[in-house]
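Novice: What follows is the residue order along each chain.
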Amino acid sequence: MGDLWAGLAQGFWMVATLDPELVEITLRSLRVTLTALLIASAIAFPLAALLAVKRFRLRRLTIAILNALMGLPPVVVGLIVYILLSRSGPFGVLGLLFTPSAMVIAQVIILVPLIASVAHQSLRDLWSEYHDLLIAMNVTPWQKITTLMWDARRALITAALAGFGRGIGEVGAIMIVGGNIDHATRVLTTAIALETGRGDFALALGLGFVLIALALAVNLVTHWLGQTEREGRW
Amino acid sequence: MVSALFPLTVEGAKASRRGRVLVGPVDLTLDAKGITVVMGPNGSGKTTLLKLLHGTARLSAGRIAWACPPEDARPQLAFVFQRPVMLRRTVVQNIAYPLRLRGVSRASARAQALDWAARVGLDAMKGRPAWSLSGGEQQKLALARAFIADPRVVFLDEPTAALDGAATREIEAILAAARDEGRRLILATHDMGQARRLADDVVFLHQGRVAERAAAPNFFEAPATDAARAFLKGDIVE
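Residue numbers (the working numbering), protein chains in the order written: chain S, 25 to 258; chain Z, 117 to 354.
Pulled out of the complex, with its shape left as it was, chain S reads as follows:
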């Protein structure tokens, strides 16, 4: 219990004094996860819309694979990306291993199935609602996709925020491909793992509270977006 209070106090103190190391680690966490989120969303949203609108032979199989990949173990993703990016791997020449770019790649692989699956549920429901109207209006496939994505924008943002939650709290994959290098690839989760290993529970808890605060902030944004939907504000 003493560790918890000490952690809470230290976390509060680090945030209040804008501890440089904490700020650096937090900003790196945000940069890696937000970059991965942008790339993953750019892949997942159109993919989800296509799966909702288009009927093709392997559609059901693709949806089943996406759903299954939602539970992809991050450590395995990290291992695969590590092998691909290691010096003897096919992309070793790029020299990306143990850089934030490698962490972004691993997170994109983890986030795409999650965001695409959550987005697909919403887009599929909206498509069943819009189907007759859009068919009667003779809209092109591209217009169908853009209409669905615009009208389901709040649901898509919620899907992206779910991805953010998964990405910011992810540790297994980025630990393997990032290496948890101080001032280079250390992020909140890997720092927590390191400090716990060292026995510095207070610092680990302090970092943990910052992580929780970020997750709460994301939930508040989600809640606010839900309110704007009811009020039809955008």
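Source of the hints: derived by calculation from the structure; they are not laboratory data. Keep in mind it's a predicted model, so treat the numbers as computed, not measured. A few of these clues could be false.
[Stated by the list, open to error] Not everything, but these chain Z residues come out facing chain S in the computed CB check (under 7 Å):
no. : residue
1   : Thr172
2   : Arg190
3   : Phe195
4   : Val201
5   : Leu203
6   : Arg204
7   : Leu217
Each residue gets a CB set at the ideal place from its N, CA and C atoms; glycine is no exception.
Position chain Z against the provided structure of chain S, taking the given hints into account.
Specialist: Coordinates of chain Z only, in the frame set by chain S:
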């Protein structure tokens, strides 16, 4: 423009699903003017026939041909459903949607949508989310959205089926005005009062086939078939 589309020729048109014939074979010719009311008991195939004519349902057999190539005809057609589909947008954005699809600028589409919102009596609620409108208001929005792209032919599938008297009267007034502007309306209904008020000619469907086709006064005064007589008398027609 209308004369370029018509006559619409239907020859042996048939729609089936899983081996069951929903409509047909239907032979019909429609010319350029007025309101054709498609009548018949529930399950007689009114909606399917409308969708076949509009091109959204697939023909199992036969032929439906406009006087011009189908790719020229399609942009001149619109469809209004019994239960209007509301896009998750405001009233004005819903009405402007068909113009935006055609590449009309945002400002011009909005100006035209505001004009149509006023014409159908929705100007006071132009900024409201469409889903918050009542059933009658939603149907008026659907009509404005159908008419804004200036279609020559509008198919309407029981547009007042779930509406009260006041809303029905307003919508019938909009339809009568559209006819007076020279638009061709093809309306499915089983509301006999509405058919009497609006129809120029009647296509009576029974068990998926055209049982009778006649000018409205002739149909209502002297129906030629037993099924139509029974239907007009209010008997249950199967």
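Novice: Indicate, hint by hint, whether the structure satisfies it.
Specialist: For each hint, the structure was consulted:
With a least beta-carbon distance of about 5 Å to chain S, the hint placing Thr172/Z at the interface is held under the 7 Å criterion. The beta carbon of Arg190/Z is positioned within 7 Å of a beta carbon in chain S (closest approach about 5 Å), and the interface hint is therefore held. Because the closest C-beta pair between Phe195/Z and chain S is about 4 Å apart, less than 7 Å, the hint holds. Taking 7 Å as the C-beta cut-off, the interface hint given for Val201/Z holds, the closest approach to chain S being about 4 Å.
Hint on Leu203/Z holds. Least Cβ distance to chain S is approximately 6 Å, under the 7 Å limit. Proximity of Arg204/Z to chain S holds as hinted, the smallest CB-CB distance being about 4 Å (cut-off 7 Å). Among the interface hints, the one on Leu217/Z holds; its C-beta lies about 6 Å from the nearest C-beta in chain S, closer than the 7 Å criterion.
Of the hints listed earlier, there is not a single one the structure fails to meet.
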